[in-house]
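The task is simple: from the sequences and hints, build the whole structure.
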Amino acid sequence: MSKRIETGNTACALAVLAAGIDYMAAYPITPQTTLSEKIANFAATGEFTGKYVLVESEHSAMSAVAAASAVGARTFTATSSQGLLHMHEILHYASGGRLPVVMANINRAVLAPWCLYADHQDSISQRDTGWLQLFCSNHQEIYDSVFLAYKVAEKVDIPVMISYDGFLLSHSLLPFETVDDSVIKQYLPDRDPAWRLHPDIGGNFSNVAMAAEYSAYRHRLADDTLKSLQIFRDSIKEYENLTGRKQPDLIEASGTENANVYLLSMGSMASEMELVATELTKQGINASALKLRLYRPFPSDELVNILPDGSTLIVLDRNIAYGHPGGVLYMEARSALYESDKKIRVLGGSVGLGGVDLTVSVLLNEVNRLLEVAKA
Amino acid sequence: MNTNEKKEILQPVSMPVEGVAGFTSAWRSQWPKLDSEKCNGCLLCWIFCPETLISREDRSIDLRYCKGCAVCARECPVNAIEMIREGEE
Amino acid sequence: MLELRIHGRGGTGVVTLADLLSKAALAAGKEAQALPFFGVERRGAVIRACFRISDTPILQRSMSYQPDIIALMHENMLPHARNEGFTEGEDGAVIIVNGKVPVEAEGTQWLVDAEQIARDHGLTFGWDAYINVPMAGAIAKVIGIPLESVESAVNVVFKGKNAASNLEAARDAYNTTTKVKGGA
Amino acid sequence: MSEKMKENILESSVNPMVGLPHAEISKHKEHDGTEVAALSSKLAEMPEYEMVHKGTGACAGCPSPMGLRIVGKVLGPNSVVVMTPSCTVASTGMMPKSCFKIPVLNCAFASAAATATGITGAYDALIEKGAISGPKPTVFTWIGDGGTYDIGFQGLSAAAERNDDFIFFCYNNEAYGNTGMQRSGATPRHAITTTTPGGKTENKKNLPILMLEHQCAYVATASVSYPQDLFRKVAKAKDIKGFRYIEVHSPCGPGWKIPWSETIDMGKRAVKTGAWALWEAENGNLTINAPTLQIAQGKVKPASLEEYIELQGRFNLVTRSPDKDKIIADMKDGIEKDLKRLLMRL
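Protein chains in written order, with the numbering used here: chain H, 95 to 470; chain R, 318 to 406; chain X, 81 to 264; chain Z, 478 to 823.
Warning: the hint list may mix true and false statements.
Pairs of lysine to any residue, SDA-like flavour, derived with a Cα cap of 20 Å [what the hints assert, rightly or not]:
{"#": "1", "chain 1": "H", "residue 1": "Lys249", "chain 2": "R", "residue 2": "Phe340"}
{"#": "2", "chain 1": "Z", "residue 1": "Lys574", "chain 2": "H", "residue 2": "Asn135"}
{"#": "3", "chain 1": "Z", "residue 1": "Lys531", "chain 2": "R", "residue 2": "Asp375"}
{"#": "4", "chain 1": "R", "residue 1": "Lys324", "chain 2": "H", "residue 2": "Gly296"}
{"#": "5", "chain 1": "H", "residue 1": "Lys97", "chain 2": "H", "residue 2": "Lys340"}
{"#": "6", "chain 1": "Z", "residue 1": "Lys550", "chain 2": "H", "residue 2": "Gly296"}
{"#": "7", "chain 1": "X", "residue 1": "Lys259", "chain 2": "X", "residue 2": "Gly169"}
{"#": "8", "chain 1": "Z", "residue 1": "Lys803", "chain 2": "Z", "residue 2": "Ala780"}
{"#": "9", "chain 1": "H", "residue 1": "Lys97", "chain 2": "X", "residue 2": "Lys261"}
{"#": "10", "chain 1": "X", "residue 1": "Lys261", "chain 2": "X", "residue 2": "Glu170"}
{"#": "11", "chain 1": "R", "residue 1": "Lys355", "chain 2": "Z", "residue 2": "Ser517"}
{"#": "12", "chain 1": "Z", "residue 1": "Lys578", "chain 2": "R", "residue 2": "Lys350"}
{"#": "13", "chain 1": "H", "residue 1": "Lys321", "chain 2": "R", "residue 2": "Glu325"}
{"#": "14", "chain 1": "R", "residue 1": "Lys324", "chain 2": "H", "residue 2": "Asp318"}
{"#": "15", "chain 1": "H", "residue 1": "Lys97", "chain 2": "X", "residue 2": "Ala108"}
{"#": "16", "chain 1": "Z", "residue 1": "Lys531", "chain 2": "H", "residue 2": "Val302"}
{"#": "17", "chain 1": "Z", "residue 1": "Lys778", "chain 2": "Z", "residue 2": "Glu512"}
{"#": "18", "chain 1": "X", "residue 1": "Lys239", "chain 2": "H", "residue 2": "Asn135"}
{"#": "19", "chain 1": "X", "residue 1": "Lys239", "chain 2": "H", "residue 2": "Phe136"}
{"#": "20", "chain 1": "Z", "residue 1": "Lys574", "chain 2": "H", "residue 2": "Ser309"}
{"#": "21", "chain 1": "R", "residue 1": "Lys350", "chain 2": "R", "residue 2": "Val395"}
{"#": "22", "chain 1": "H", "residue 1": "Lys97", "chain 2": "X", "residue 2": "Ala107"}
{"#": "23", "chain 1": "Z", "residue 1": "Lys817", "chain 2": "Z", "residue 2": "Gln774"}
{"#": "24", "chain 1": "Z", "residue 1": "Lys817", "chain 2": "Z", "residue 2": "Asn680"}
{"#": "25", "chain 1": "R", "residue 1": "Lys324", "chain 2": "H", "residue 2": "Thr319"}
{"#": "26", "chain 1": "H", "residue 1": "Lys97", "chain 2": "H", "residue 2": "Ser276"}
{"#": "27", "chain 1": "Z", "residue 1": "Lys531", "chain 2": "R", "residue 2": "Trp348"}
Here are some, though not all, of the chain R residues that point toward chain H, as calculated from beta-carbon distances under 8 Å [unchecked claim]:
{"#": "28", "residue": "Glu325"}
{"#": "29", "residue": "Leu327"}
{"#": "30", "residue": "Gln328"}
{"#": "31", "residue": "Val330"}
{"#": "32", "residue": "Ser331"}
{"#": "33", "residue": "Met332"}
{"#": "34", "residue": "Pro333"}
Hints in this document: simulated from the structure, not taken from any laboratory.
On a predicted model such as this, the values are computed, not experimentally measured, just so you know.
The beta-carbon is built from N, C-alpha and C at its ideal position, and this holds for glycine as well.
Okay, here's the thing in structure tokens:
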């Protein structure tokens with residue numbers, strides 16, 4: 095294990111290198127570009143030993159890695175924003191085909207108008223593609239998430255998307271600890287698929303299904319997605335045991351225990367929110383920040399368990415759930431708490447769109463505004 | 318090939334079988350009748366049959382699947398194949 | 081925690097400067113964060129980068145709006161720095177300038193002729209000088225990162241022949257950066 | 478649009494066969510004795526292996542399984558195929574059944590080439606790593622003209638430029654057959670399709686030439702009606718590493734509005750009129766095959782284009798047009814020019 099300080103994209107590239115990827119295809123897009131460039135450099139120096147194909151579009155990138163995954167390869171691609179939207183069709187294909195592709199999405203705003211900066215609209219627009227989605231708030235999480243993603247993806251045969259904020263994480267430098275290759279090998283042995291596209295095995299992948307077969311596959315995917323929650327929990331524990339390093343929970347709470355006010359968010363904002371909770375506590379409001387690490391499937395049980403009866407939950411989203419007030423996390427949190435006996439006031443807002451800088455004071459203003467609404 | 322037998326196959330995969338569309342003889346209104354006497358063994362019927370129904374050895378036709386397209390009759394240079402109305406001999 | 085904001089021009093190595101400072105801070109056993117801000121403009125355009133150094137993990141993910149230190153890669157970056165906002169005066173931000181004479185600003189100021197140092201060590205590209213390495217040396221000195229840590233960072237970032245001249249440049253800058261205004 | 482044209486369109490869309498000289502079809506046989514004799518010796522030597530199971534869901538007389546059978550004889554069981562939405566996929570059989578003995582990867586419409594890129598690259602990586610044992614399966618695609626000329630062209634062009642190691646087969650039936658015969662970039666001018674009820678007003682693209690200009694390892698045009706030529710070209714392609722493109726002209730019963738029995742005959746007419754040219758090119762070096770070369774050089778008189786047009790219901794608006802002679806003369810002129818341009822590439 096060694097401590098390094100690198101950009102988020104380099105942290106991701108180093109993890110990709112250690113994860114033993116067989117096949118990668120990617121197309122450049124800001125702010126992902128430096129990630130695929132970094133891996134191209136690793137390929138040029140011979141450190142990356144897999145096949146790396148420079149395709150002509152994100153649609154082709156996802157098509158190629160999905161196909162390579164069907165052959166049994168451990169595959170990786172990365173994109174951002176429009177690139178992710180361009181992949182959308184094939185995202186459904188990869189999950190429906192139960193192909194354990196892992197992808198990094200460097201969160202960035204989507205058209206129109208053009209905007210290059212951090213915004214979660216790109217990944218949340220893929221919410222119902224059947225992909226599992228991890229979010230990161232620092233470089234350590236980016237690095238560790240790559241291994242976790244492969245671990246879970248290959249166990250449940252569902253693709254995983256790792257999202258982290260463009261520029262704020264992708265291009266910033268932060269320290270993180272790498273893990274020795276031997277430990278990673280132990281955590282992530284070579285992929286051993288039950289089926290692969292090969293003449294020795296045979297099979298026609300994804301030909302036309304009638305309603306009954308189709309719905310059975312889709313229900314199975316939905317069930318397995320929910321079941322993956324436990325696989326995530328177990329896989330995080332296994333990683334902790336192997337590395338001896340504490341991992342954040344699916345929803346990581348920080349700040350005051352038994353707080354009255356909880357601040358739920360994901361991505362880089364979730365880190366700054368820890369400072370907001372501290373600031374609120376200083377002002378006499380017992381606050382705790384909740385960092386969501388896994389967005390799909392949504393860890394509802396964790397959320398319900400953390401929140402004490404009578405508390406207030408403020409949810410801040412870097413996205414908009416059009417047609418519903420606030421963003422997707424707000425929607426998700428309200429849905430999770432509906433069945434709970436606990437009486438919890440939930441308020442939500444969308445902030446930081448298009449990379450609007452979320453300083454402690456900006457976040458504090460929004461939280462205070464929502465707390466006023468809660469009082470009213 | 319390190320195939321893990323224990324793991325369940327979750328991918329939507331079909332396996333090859335004969336007659337995916339059933340016995341497609343139901344699709345036809347005419348059937349091809351080969352006159353072995355006339356046949357010169359050129360094998361054009363064998364190569365052009367879309368359903369792989371004609372034997373290269375003896376040009377016998379697997380009528381269970383024949384859709385009656387008549388390409389064999391059409392392409393036979395010596396008119397050794399005749400299309401017969403379904404139900405007639 | 082100490083917050084630094086660097087004002088420079090695109091294509092002059094500000095990103096590498098941030099990389100060097102971060103690695104030097106890590107070598108010195110500190111927590112650090114470098115956060116470059118990119119516009120859509122290209123080479124030559126005015127850019128800024130934030131750098132934080134701390135004894136505890138850094139949780140901020142936003143830019144610095146009240147930095148403790150302002151680093152001007154060129155004297156003419158002062159209006160840009162003011163535009164972005166910083167507290168000017170004896171109790172305000174410390175200013176580090178690449179130049180021969182101090183800039184017209186209140187408060188503590190450090191001066192380094194990074195341009196000349198770069199040229200002395202052949203760190204040029206066409207008409208331009210690569211001032212990022214000498215600036216890293218200068219900033220390191222002001223914020224208290226030991227020279228050995230800067231040297232180890234230079235050795236990580238640059239390889240071969242480049243490393244030697246850059247090391248020299250970093251040392252020169254570290255040793256010649258002087259406080260020209262204010263402070264004790 | 479004249480009233481007469483409207484009538485013709487209505488008539489042809491109700492019954493595509495109306496007005497066709499059916500009775501005469503069986504009188505025209507495009508065989509000659511020497512050709513058959515040459516064919517038969519080689520057919521007897523072709524491998525026994527059949528890639529397609531009996532009893533597919535394809536239309537009667539469909540050229541796609543005919544072509545695949547020949548491709549299968551060359552490539553054998555150690556091969557995998559990529560398919561996009563097409564007639565072939567629709568006739569594969571429903572889950573959990575498949576009519577193909579080799580593995581198939583069905584992918585999204587625009588993804589054919591990139592999918593094959595992924596497969597071939599993954600085999601390279603996994604074989605090198607020792608995760609799977611060789612020999613490497615032959616990777617090929619079997620894609621209609623829609624997935625090749627139109628929605629799939631970006632990926633196709635890119636895979637050719639990267640020289641990815643697979644064979645891209647386009648089976649060209651000159652329309653979107655699977656969705657019920659809409660125009661494609663491969664539909665010839667004047668052809669009626671469900672989206673060009675007044676006849677297509679644009680020329681088809683010359684995609685094989687575009688592929689030739691990619692300077693890839695091997696590019697060839699072929700026809701289901703010339704099984705040996707197709708066999709030989711696939712065999713040549715099989716032994717070449719890198720990107721290979723083979724376009725197989727595939728006359729379509731419902732699309733061309735011809736009786737099922739006429740598939741092969743129409744394919745031969747297409748070649749003998751010069752409307753479909755047979756050629757191949759290794760690394761951009763062109764060879765024009767018989768009988769296209771002889772037609773292009775004027776050594777062999779082309780077959781009747783009038784008949785070729787008249788026999789196809791999709792050209793009913795031409796057949797019935799008062800300007801028929803002029804239209805057909807223009808078509809002939811177009812074919813001659815195309816062949817001349819092809820000769821100039823030699």
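Verification of the supplied hints:
Simply put, Lys249/H and Phe340/R have alpha-carbon atoms about 41 Å apart, too far for the 20 Å limit, and the pair is violated. Note on Lys574/Z and Asn135/H: the hinted pairing is violated, with a Cα-Cα distance of about 45 Å set against a maximum of 20 Å. As the CA atoms of Lys531/Z and Asp375/R are separated by approximately 17 Å, the hinted pair is consistent with the 20 Å bound. Between Lys324/R and Gly296/H, the direct Cα distance comes to roughly 17 Å. Compliance with the 20 Å bound is thereby established for this hinted pair.
Distance restraint check for Lys97/H and Lys340/H: the Cα-Cα separation of roughly 15 Å lies within the 20 Å cut-off, and the hinted pair is therefore satisfied. A distance of roughly 18 Å separates the Cα atoms of Lys550/Z and Gly296/H; the hinted pair therefore holds under the 20 Å criterion. For a cut-off of 20 Å, the pair hint linking Lys259/X to Gly169/X stands: about 15 Å separates their Cα positions. Pair hint Lys803/Z plus Ala780/Z holds up; C-alpha atoms about 18 Å apart against a cutoff of 20 Å.
In summary, the hint linking Lys97/H to Lys261/X is not supported, as the alpha carbons are separated by about 38 Å, beyond the 20 Å threshold. The straight-line distance between the Cα atoms of Lys261/X and Glu170/X is roughly 10 Å, inside the 20 Å bound, and the hint therefore holds. Distance restraint check for Lys355/R and Ser517/Z: the Cα-Cα separation of roughly 16 Å lies within the 20 Å cut-off, and the hinted pair is therefore satisfied. Distance restraint check for Lys578/Z and Lys350/R: the Cα-Cα separation of roughly 29 Å exceeds the 20 Å cut-off, and the hinted pair is therefore not satisfied.
Of the supplied pair hints, the one linking Lys321/H and Glu325/R holds, its CA atoms being roughly 15 Å apart against a limit of 20 Å. Annotation: proposed proximity of Lys324/R to Asp318/H holds, straight-line Cα distance about 14 Å (limit 20 Å). Of the supplied pair hints, the one linking Lys97/H and Ala108/X holds, its CA atoms being roughly 12 Å apart against a limit of 20 Å. A threshold of 20 Å between alpha carbons decides the hint, and for Lys531/Z with Val302/H the separation of about 18 Å falls inside it, so the pair holds.
The hinted pair formed by Lys778/Z and Glu512/Z meets the criterion: a straight-line CA distance of about 17 Å does not exceed 20 Å. With a C-alpha separation of about 15 Å, the suggested pairing of Lys239/X with Asn135/H holds against the 20 Å cut-off. Restraint check for Lys239/X and Phe136/H: satisfied, since their Cα atoms lie roughly 16 Å apart, inside the 20 Å limit. The suggested pairing of Lys574/Z with Ser309/H holds, with an alpha-carbon distance near 17 Å, which does not exceed 20 Å.
Of the supplied pair hints, the one linking Lys350/R and Val395/R holds, its CA atoms being roughly 13 Å apart against a limit of 20 Å. A hinted pair counts as satisfied when its Cα atoms are at most 20 Å apart, and Lys97/H with Ala107/X qualifies at roughly 10 Å. The hinted pair formed by Lys817/Z and Gln774/Z meets the criterion: a straight-line CA distance of about 8 Å does not exceed 20 Å. Restraint check: the Cα-Cα separation between Lys817/Z and Asn680/Z comes to about 17 Å, which is no more than 20 Å; the hinted pair holds.
A distance of roughly 17 Å separates the Cα atoms of Lys324/R and Thr319/H; the hinted pair therefore holds under the 20 Å criterion. Restraint check for Lys97/H and Ser276/H: satisfied, since their Cα atoms lie roughly 17 Å apart, inside the 20 Å limit. Distance check on the hinted pair: Lys531/Z and Trp348/R sit about 16 Å apart at the alpha-carbon level, within 20 Å; holds. For Glu325/R, the suggested interface contact is upheld, since its CB lies about 6 Å from the closest CB of chain H, less than 8 Å.
About 4 Å separates the beta-carbon of Leu327/R from the nearest beta-carbon of chain H, less than 8 Å, and the hint is met. At a threshold of 8 Å, the smallest CB-CB gap from Gln328/R to chain H is about 5 Å, leaving the interface hint in force. For Val330/R, the suggested interface contact is upheld, since its CB lies about 4 Å from the closest CB of chain H, less than 8 Å. Here the hint on Ser331/R is kept, as its CB sits about 4 Å from the closest CB of chain H, short of 8 Å.
For Met332/R, the shortest C-beta to C-beta distance to chain H is roughly 6 Å, which falls under 8 Å, so the interface hint holds. For Pro333/R, the interface hint holds, the least distance from its beta-carbon to any beta-carbon of chain H being 7 Å, beneath 8 Å.
In summary, the numbered hints that this structure violates are 1, 2, 9 and 12.
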